[in-house]
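There are 2 protein chains.
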Amino acid sequence: MQRTLTLQTTQHIGEVVKLQGWVDTKRDHGKLTFIDLRDRTGTVQCVGYQKMGELTPESVIEVVGQVKERPENMINAESATGAVEIDVREYTVLGKAGSLPIPIDTDGSEIAEEMRLKYRYLDLRRERMQKNVRVRSELTRALSEALYEREFVNIETPMLTKSTKEGARDFVVPARLQPGLFYALPQSPQQYKQLLMTAGFERYFQVARCIRDEDLRSDRGFEFTQLDLEMSFPESRESVMELVETVVKQAVTSVGGKMQQDPFPVVSYPEALEKYGADKFDLRTEQEKKNGVLAFAWVVDFPFFKKVDAKDVAEVRDGKSGWTFTHNPFSSPIPEHIEWLKNKEHIGEIITAQYDLVCNGYEVGGGSIRAHSPELLTAVFEIMGYSSEEITEGVGHMLEAFGVGTPPHGGIALGLDRLAMLLTGETSLKESIAFPMTGSGKTAVMQAPAPISDEQLRELHLATQLPKK
Amino acid sequence: MQRTLTLQTTQHIGEVVKLQGWVDTKRDHGKLTFIDLRDRTGTVQCVGYQKMGELTPESVIEVVGQVKERPENMINAESATGAVEIDVREYTVLGKAGSLPIPIDTDGSEIAEEMRLKYRYLDLRRERMQKNVRVRSELTRALSEALYEREFVNIETPMLTKSTKEGARDFVVPARLQPGLFYALPQSPQQYKQLLMTAGFERYFQVARCIRDEDLRSDRGFEFTQLDLEMSFPESRESVMELVETVVKQAVTSVGGKMQQDPFPVVSYPEALEKYGADKFDLRTEQEKKNGVLAFAWVVDFPFFKKVDAKDVAEVRDGKSGWTFTHNPFSSPIPEHIEWLKNKEHIGEIITAQYDLVCNGYEVGGGSIRAHSPELLTAVFEIMGYSSEEITEGVGHMLEAFGVGTPPHGGIALGLDRLAMLLTGETSLKESIAFPMTGSGKTAVMQAPAPISDEQLRELHLATQLPKK
Numbered sequence: 000m001q002r003t004l005t006l007q008t009t010q011h012i013g014e015v016v017k018l019q020g021w022v023d024t025k026r027d028h029g030k031l032t033f034i035d036l037r038d039r040t041g042t043v044q045c046v047g048y049q050k051m052g053e054l055t056p057e058s059v060i061e062v063v064g065q066v067k068e069r070p071e072n073m074i075n076a077e078s079a080t081g082a083v084e085i086d087v088r089e090y091t092v093l094g095k096a097g098s099l100p101i102p103i104d105t106d107g108s109e110i111a112e113e114m115r116l117k118y119r120y121l122d123l124r125r126e127r128m129q130k131n132v133r134v135r136s137e138l139t140r141a142l143s144e145a146l147y148e149r150e151f152v153n154i155e156t157p158m159l160t161k162s163t164k165e166g167a168r169d170f171v172v173p174a175r176l177q178p179g180l181f182y183a184l185p186q187s188p189q190q191y192k193q194l195l196m197t198a199g200f201e202r203y204f205q206v207a208r209c210i211r212d213e214d215l216r217s218d219r220g221f222e223f224t225q226l227d228l229e230m231s232f233p234e235s236r237e238s239v240m241e242l243v244e245t246v247v248k249q250a251v252t253s254v255g256g257k258m259q260q261d262p263f264p265v266v267s268y269p270e271a272l273e274k275y276g277a278d279k280f281d282l283r284t285e286q287e288k289k290n291g292v293l294a295f296a297w298v299v300d301f302p303f304f305k306k307v308d309a310k311d312v313a314e315v316r317d318g319k320s321g322w323t324f325t326h327n328p329f330s331s332p333i334p335e336h337i338e339w340l341k342n343k344e345h346i347g348e349i350i351t352a353q354y355d356l357v358c359n360g361y362e363v364g365g366g367s368i369r370a371h372s373p374e375l376l377t378a379v380f381e382i383m384g385y386s387s388e389e390i391t392e393g394v395g396h397m398l399e400a401f402g403v404g405t406p407p408h409g410g411i412a413l414g415l416d417r418l419a420m421l422l423t424g425e426t427s428l429k430e431s432i433a434f435p436m437t438g439s440g441k442t443a444v445m446q447a448p449a450p451i452s453d454e455q456l457r458e459l460h461l462a463t464q465l466p467k468k
Numbered sequence: 000m001q002r003t004l005t006l007q008t009t010q011h012i013g014e015v016v017k018l019q020g021w022v023d024t025k026r027d028h029g030k031l032t033f034i035d036l037r038d039r040t041g042t043v044q045c046v047g048y049q050k051m052g053e054l055t056p057e058s059v060i061e062v063v064g065q066v067k068e069r070p071e072n073m074i075n076a077e078s079a080t081g082a083v084e085i086d087v088r089e090y091t092v093l094g095k096a097g098s099l100p101i102p103i104d105t106d107g108s109e110i111a112e113e114m115r116l117k118y119r120y121l122d123l124r125r126e127r128m129q130k131n132v133r134v135r136s137e138l139t140r141a142l143s144e145a146l147y148e149r150e151f152v153n154i155e156t157p158m159l160t161k162s163t164k165e166g167a168r169d170f171v172v173p174a175r176l177q178p179g180l181f182y183a184l185p186q187s188p189q190q191y192k193q194l195l196m197t198a199g200f201e202r203y204f205q206v207a208r209c210i211r212d213e214d215l216r217s218d219r220g221f222e223f224t225q226l227d228l229e230m231s232f233p234e235s236r237e238s239v240m241e242l243v244e245t246v247v248k249q250a251v252t253s254v255g256g257k258m259q260q261d262p263f264p265v266v267s268y269p270e271a272l273e274k275y276g277a278d279k280f281d282l283r284t285e286q287e288k289k290n291g292v293l294a295f296a297w298v299v300d301f302p303f304f305k306k307v308d309a310k311d312v313a314e315v316r317d318g319k320s321g322w323t324f325t326h327n328p329f330s331s332p333i334p335e336h337i338e339w340l341k342n343k344e345h346i347g348e349i350i351t352a353q354y355d356l357v358c359n360g361y362e363v364g365g366g367s368i369r370a371h372s373p374e375l376l377t378a379v380f381e382i383m384g385y386s387s388e389e390i391t392e393g394v395g396h397m398l399e400a401f402g403v404g405t406p407p408h409g410g411i412a413l414g415l416d417r418l419a420m421l422l423t424g425e426t427s428l429k430e431s432i433a434f435p436m437t438g439s440g441k442t443a444v445m446q447a448p449a450p451i452s453d454e455q456l457r458e459l460h461l462a463t464q465l466p467k468k
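So the protein sequences, as listed, match chains F and E. Position one of the first sequence corresponds to residue 0 (numbering that gives the first Met the number 0), numbered consecutively onward. Position one of the second sequence corresponds to residue 0 (numbering that gives the first Met the number 0), numbered consecutively onward.
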């Protein structure tokens, strides 16, 4: 018989079943041993003979026994299987557990992060973490399915690619076969997704792995995942926003999320600053916070450019002219400001066709109508002080693509980690990621980064130059 | 009005429609210009006035016009929209195409690979490539959905991780914040997926991006994608094979693939060598080859270990004892040979609980029942000559995980690139990947790998040591 713990009905009474799972709790009562056996579907009480006292908590066992009705006074109304118990005839230890390095019967918040993540395979057994990971999976499924239904094509883009000028530092990968040269890991599939519009796919999406070498924050690692989409021939920015809103609502509803306003309110950037003091804001009432409501809103009408902030190294590097982009250099301005961009006038006043999706005080998505003419994209980089050689080197392939019949297009990237975090009522991104990095950039469970051998360094034609201690 | 080219019915006749798409072909007939307008759904003939003669092939245009019935003698029965034409009233150029660097009205096989991939955004406009990319998307959708339906949880695993001893070279990523240390990009999520079994998810899958620094072959780049899955408590290797077979059949059938034998034949490794001379073989008849049939088969009973082949650098590095694994060091032997492994006897005769899925002469998947006890995994690495320090350093975290209650488990990795290639009748993996690498390891479209700045090298505490020319 296959394993199951879906014994909440009484129709299995009398059957002999074979169950497999973890020893959730154990209670020795003289000659009898009571085990709560746990698997992914729940727990069930097993009553066994004395020898079962040998079992250690969290060991994996197989139990063969008869399903019995509990006496009336022993029924546990709080458990889905509380009306029955398994009268154990035999059992086998499939995977013994020794002493546990971290407790898993708490919510985990009392444990140092390094320890939680070193033993993540245990940490994930918490009911809360099981739920978080499963909700994220269902959210991914629902978002993907909503897009497939609307004829979006799921297309993978390269992981070993080129620096894409998106404002943050790249992680680089030495190319063994081409000494001295490096791939960059993608900060986002921005350019590839636009090229897929040039290629005529019209509707693209991807659950995209993105990697940025940014300074770590307590709740953020180097990796993140975005639900990335792009579409051709949008009537306006509003038509992309409308499609995204429909998809988000469908997906969030299907995984049980409750949303506040429908349609999502649209707030202009100046209005957001005035009313909320920031371009990310929380529209929930106290009561809605308690009820786990998600309050989505759109923010539009951002300035395209801003004066370079000298504190931001990555921006300064790209911003010799004193101007840099606020959101995305590949955006178009709003239609009314296209001439300004072409003429490089009123630079600080040019409004980008960008739209951010915010939820409960977080930015959960950002997108725009893109520039799709060589002239516009060139003007953006010229305003940021790029020479024509640098423009060719950086985005020459995009300019070429825009010269072979590229349709108007726009899209968005939704932060899957953040959406999953908000849906599960968490406040740290790490609680919605199975194996997040530690705050010091270590990979969960495994000791990475790690040294590599001299032979590997030689093969890569590299030498390390360590700072003096 | 929204765009559409689904005008194959005559119910639109008389309507004024707005269409957007690419100029597929253009014919000037004196005062009239005939345009075949193409979008993702097909083409439709547009008849316009002389000025449309300005349009260049592959330009993106918007057309407003009336749908008219064609005269009987002008009906094109070979086109889905051949009974109608659009009488153009006005048109706009949305994205002008200049001269095209590569032709796209051929199948592309006459064009040098470097050119095809440099201009991939054009190359992908070929009908064949459009179909290939869309079939791959539908295959991914169908495989994922078949697994979601069976309660598999979609879980992402890290891209920045640690070397995982899987036989090939790792790509490494210098850690700026931890000078001298490197992450490795994942060759597969093997260890993480096993740890998810320890974590109690019981059923995991992922469309996993994998990256290996292997010497390039004409049809293979450094990146590949696998449909990766793992499940706990399999009754036997056959029960995993059965589930995988069901999922593959369901997905392949749903995207229109035709399969040969049902159930898939199971061939032992010795039998395969004897009958076909290899562990990958093609069971199709000539007629089935013409009909695009997929002939799947399982291969089982591989030896666990083999003598190290001195030509394989990566294997020699791991094989000080003279033995290395044939498939996967994390596998279990078949139940009958577990004692041999523990006792390190009959090493060359130990059979692994590995199963390969082959199709039309290619290996399209490989998996196994895993070792889930510290004792077995340790014995495997000891046989391969690892010292106890090296074992702790390499897989100590796995041994620890096996000591906190790990269930028996097994799984498989299906090669999504290969499955998509076979489904679309292609013979090169590159035809089933949107942006594959060139044979010399260059990223499609973008000039990567590329030099990085001295400043970036300094930040990474690295220096390049180029070979003398």
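A hint or two may mislead.
A few chain E residues that face chain F, going by a derived Cβ cut-off under 10 Å, partial list only [unchecked claim]:
#1 334
#2 337
#3 339
Straight-line distance between alpha carbons at most 20 Å, and here's what the computed PhoX-like set of lysine-lysine pairs gives [unchecked claim]:
#4 E:25 - E:130
#5 F:30 - F:50
#6 E:25 - F:341
#7 F:95 - E:341
#8 F:67 - F:17
#9 F:248 - F:306
If you are wondering where the hints come from, they were derived from the structure by calculation, not from laboratory data. Just so we're clear, the structure is a prediction, and the values are computed from it rather than from any experiment. Where a beta carbon is used, it is the ideal one built from N, C-alpha and C, also for glycine.
Index of numbered hints that the structure contradicts, given in increasing order: 1, 2, 3, 4, 6 and 9
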